[in-house]
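2 protein chains.
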Amino acid sequence: MARLFHVPLSPFCRKVRLSLAEKRIECELAEERYWEPSPDFLRRNPAAKVPVLKIDGKTMSESAAICEYLEEAYPDPSLMPRGRDERYEVRRLVSWFDDKFHQEVTSKLLYERVNKKIMARGFPDSRNVKDGAKAIKFHLDYMSWLLDHRRWLAGDTITLADFAAAAHLSSLDYISDVDWNRSQSVKDWYATIKSRPAFRSILADQVPGFPPPAHYADLDF
Amino acid sequence: MARLFHVPLSPFCRKVRLSLAEKRIECELAEERYWEPSPDFLRRNPAAKVPVLKIDGKTMSESAAICEYLEEAYPDPSLMPRGRDERYEVRRLVSWFDDKFHQEVTSKLLYERVNKKIMARGFPDSRNVKDGAKAIKFHLDYMSWLLDHRRWLAGDTITLADFAAAAHLSSLDYISDVDWNRSQSVKDWYATIKSRPAFRSILADQVPGFPPPAHYADLDF
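First to last, the sequence lines map onto chains A and B.
Each residue of the first sequence is one higher than the one before, starting from 1 at the first, in UniProt numbering.
Each residue of the second sequence is one higher than the one before, starting from 1 at the first, in UniProt numbering.
Next comes chain A alone, as it looks inside the complex (with noise of 0.2 Å):
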């Protein structure tokens, strides 16, 4: 059975889960507190960093090669669209929020708030937390603009920009630093993506010390 290493509100192990759920792929979890990284990890990968997925006899590290990875073997049900237009707005959307996202929000409110208590490296830097805050705004409206031209972020069907999409946006909803009330369009296309079946293992995940909010695993939230 393959086995992915990760950590519970990390959005990149979250669009590998999601993934392999969608494609109904068996594999087992196993935390990695990655920054006290022990040898055995190092070998792993030596970049230090979750996820990392043993799939197939290998060992295979960063997300976005994982996730290209695991449509080229196990491509059905597919999360990239056929043609090669559609498949570069995917991919743009999942750099989009893989890096961009990743750099103004992710990192300056889940960070802050989580990783930093976890880590033991210090109290969240308040500044950073008011950017976050600040620059997540401009996101979920560039999201509803998206939304209210498509049936999902990149186009007619499900694909892994939502994923991507979903993973970040649900780590940031575990500590109550969504308001699903800026954008209709975006409370709606969340409300679908969290009611399938592959969402069910992060709605169930439990941070120690991090309580999630009641509306966190409420499919009617």
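Source of the hints: derived by calculation from the structure; they are not laboratory data.
Keep in mind it's a predicted model, so treat the numbers as computed, not measured.
Beta carbons: idealized from backbone N, C-alpha and C, even for Gly.
Hints are supplied without guarantee of correctness; some may be wrong.
Going by beta-carbon spacing under 10 Å, a handful of chain A positions derived as facing chain B [claimed, not checked]:
| # | residue |
| --- | --- |
| 1 | LYS58 |
| 2 | ILE66 |
| 3 | TYR69 |
| 4 | GLU72 |
| 5 | ARG87 |
| 6 | TYR88 |
| 7 | LEU93 |
| 8 | ARG113 |
| 9 | LYS116 |
| 10 | ALA120 |
| 11 | PHE123 |
| 12 | ALA204 |
Keeping the supplied structure of chain A fixed, place chain B upon it in accordance with the hints.
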């Protein structure tokens, strides 16, 4: 003709320039001072980043998505292997350089020494420069280890992974921040890639206020 909005020393732009040139796609370069974004530029890319490529009637951003698009739309010559394990390895290494190497080395050396001056954002932070100078040694050793086992970084053939790595190293070489004496394998690899016709435009780059060292464009450095 295609048109690339770029800045000369950006490794992400260089990776796209190398892909375009290797595939013999004619492309006009337009320098874009993305840190002073104009409404025109923001319309081209709401992420306010370079590279932005206008090609085939479309405007594209995010270097990883652009390179995958070029690979699908212009497959000859190919910069991706056929097998899915080999493709995974290429993508893993592209992420390694564009994410980990960028964060640990490029952002700490190039951005401190060059970007801060060009953007009028103060002086280099000596702590960052010191950290970057230390981290590049680990990365050169990792590349050396890979190249002792393989002809090119990801395997037997030249791929996007080599161009991603060469894009970062060439930008750092422009400011003399690469110790080519650390590894003969890395030096030989760079000498080979540097002599490709695709590299010519990179070697001709000139940034006002930062003249390149003599060895930068020298194929026999």
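Results for each hint:
With a cut of 10 Å, the hint placing LYS58 of chain A at the interface with chain B holds, because the nearest CB-to-CB distance is about 7 Å. The interface hint given for ILE66 of chain A holds, since its Cβ lies 8 Å from the closest Cβ of chain B, which is under the 10 Å cut-off. At about 4 Å, the closest approach between the beta carbon of TYR69 of chain A and any beta carbon in chain B falls short of 10 Å, and the interface hint on this residue holds. Below 10 Å, beta-carbon pairs count as interface contacts, and GLU72 of chain A has one with chain B at about 4 Å; its hint therefore holds.
Taking 10 Å as the C-beta cut-off, the interface hint given for ARG87 of chain A holds, the closest approach to chain B being about 7 Å. The closest approach between the C-beta of TYR88 of chain A and any C-beta of chain B is roughly 4 Å, which is under the 10 Å cut-off, so the hint is satisfied. Contact between LEU93 of chain A and chain B, as hinted, is supported at the beta carbon level, the nearest pair being about 8 Å apart and thus within 10 Å. Residue-level restraint check for ARG113 of chain A is violated (minimum Cβ-Cβ distance to chain B is 21 Å; threshold 10 Å).
Checking LYS116 of chain A against chain B by beta carbon gives a least distance of about 18 Å; that is not within 10 Å, so the hint is violated. About 21 Å separates the beta-carbon of ALA120 of chain A from the nearest beta-carbon of chain B, more than 10 Å, and the hint is not met. Contact between PHE123 of chain A and chain B, as hinted, is not supported at the beta carbon level, the nearest pair being about 21 Å apart and thus beyond 10 Å. The beta carbon of ALA204 of chain A is not positioned within 10 Å of any beta carbon in chain B (closest approach about 29 Å), and the interface hint is therefore violated.
Hint compliance for this structure: hints 8, 9, 10, 11, 12 are broken, all remaining hints hold.
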